[in-house]
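J.: Sequence:
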Amino acid sequence: MVLGWSPEQISIRLNIDHPKEEGISYEAIYQYIYAQINANGNPRPRCEDLRMYLTRRHRHRQKKNFRQVRKLYKPKLPSIENRPKEVDKRKVIGHWEDDCIVSKQSKDRLKTVNERVSGLFLIGKMKNGSIEESNKAVIDKWKVIPSEFKKTLTRDNGVENLGWEELEKKEDVKIYFAHPYCSYGRGSNENGNGLIRRYLPKGTDFSKVSTEDILKIEYLLNSRPRKRHRGKTPLEVWYNMTGVAITY
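Numbering (the numbering used here) for the sequence shown: 264 to 511.
Quick caveat, the hints were computed from the structure, so don't treat them as lab data.
C-beta atoms are modelled at their ideal positions from N, C-alpha and C, and glycine is treated no differently.
A hint or two may mislead.
[Claimed, not checked] With a cut-off of at most 30 Å between alpha-carbon atoms, the simulated DSBU-like pairs for lysine-lysine come out as follows:
(1) 404 to 479
(2) 352 to 404
(3) 413 to 495
(4) 414 to 471
(5) 432 to 352
(6) 490 to 479
(7) 495 to 354
(8) 399 to 433
(9) 388 to 413
(10) 399 to 465
(11) 413 to 339
(12) 433 to 339
(13) 390 to 413
(14) 465 to 390
(15) 354 to 404
(16) 413 to 437
(17) 390 to 495
(18) 413 to 433
(19) 490 to 404
(20) 465 to 490
(21) 399 to 437
(22) 471 to 399
[Unchecked claim] For each label pair, taking beta carbons as the anchor points, the in silico distance ranges come out as:
(23) 344 to 402: 36 to 42 Å
(24) 302 to 474: 45 to 51 Å
(25) 410 to 302: 54 to 60 Å
(26) 507 to 306: 54 to 60 Å
(27) 299 to 344: 39 to 45 Å
(28) 310 to 507: 54 to 60 Å
(29) 411 to 299: 51 to 57 Å
Kindly produce the complete structure, drawing on both the sequences and the hints.
T.: Quick look at the structure:
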């Protein structure tokens with residue numbers, strides 16, 4: 264919750280990360296939060312007031328017109344195990360990875376989208392960690408990418424990525440999910456995120472980072488000579504393989 268996750272998101276994520284263990288409903292999380300509050304609306308002795316992390320705060324838990332015990336939703340995600348083998352070989356352009364970088368200073372986040380062969384790195388801005396903002400960021404950054412170069416997208420199991428079916432349909436791309444807590448299959452993106460931290464170190468408030476700042480960082484990363492490309496930049500490799508120029 265400190266990271267801005269809602270009880271609903273926490274409930275879903277627990278089922279993804281711990282599928283063999285008994286889950287907990289978001290209603291139970293809400294009840295726990297408000298169990299720490301007395302009748303006057305103040306925290307009980309030695310209890311933490313977790314209401315500060317809720318988007319909508321109330322003195323007491325609002326009554327709901329549904330049963331307390333509900334069957335938990337456990338989404339079935341397309342596994343990286345079923346991803347085409349050509350993705351690992353890094354020979355065919357058009358296979359992407361994405362990730363999300365969180366700011367502890369605000370709800371704003373960065374969505375990074377990386378092409379595996381060229382190393383082309385795109386950076387988008389998210390107002391929060393919602394599914395809608397995640398999809399919007401990818402769609403916005405992909406506007407400059409022709410459809411034939413959007414073959415697959417590999418991502419982690421973050422709650423913000425659970426709107427994958429809508430994104431698949433919108434962009435006509437196949438989406439796969441890496442194993443929980445494992446960056447295998449998304450190594451390029453992990454490395455790119457590390458480079459971003461050179462310009463935006465931990466502790467940076469992303470709400471104060473402008474679109475111009477992001478584009479500048481994106482350009483610096485994409486115009487940086489790469490050893491694996493024998494000194495060529497991601498922009499040069501991308502253009503040579505696709506004929507599509509990315510301009511800033």
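J.: Which of the numbered hints above does this structure break?
T.: Violated hints: 4, 17 and 23; rest satisfied.
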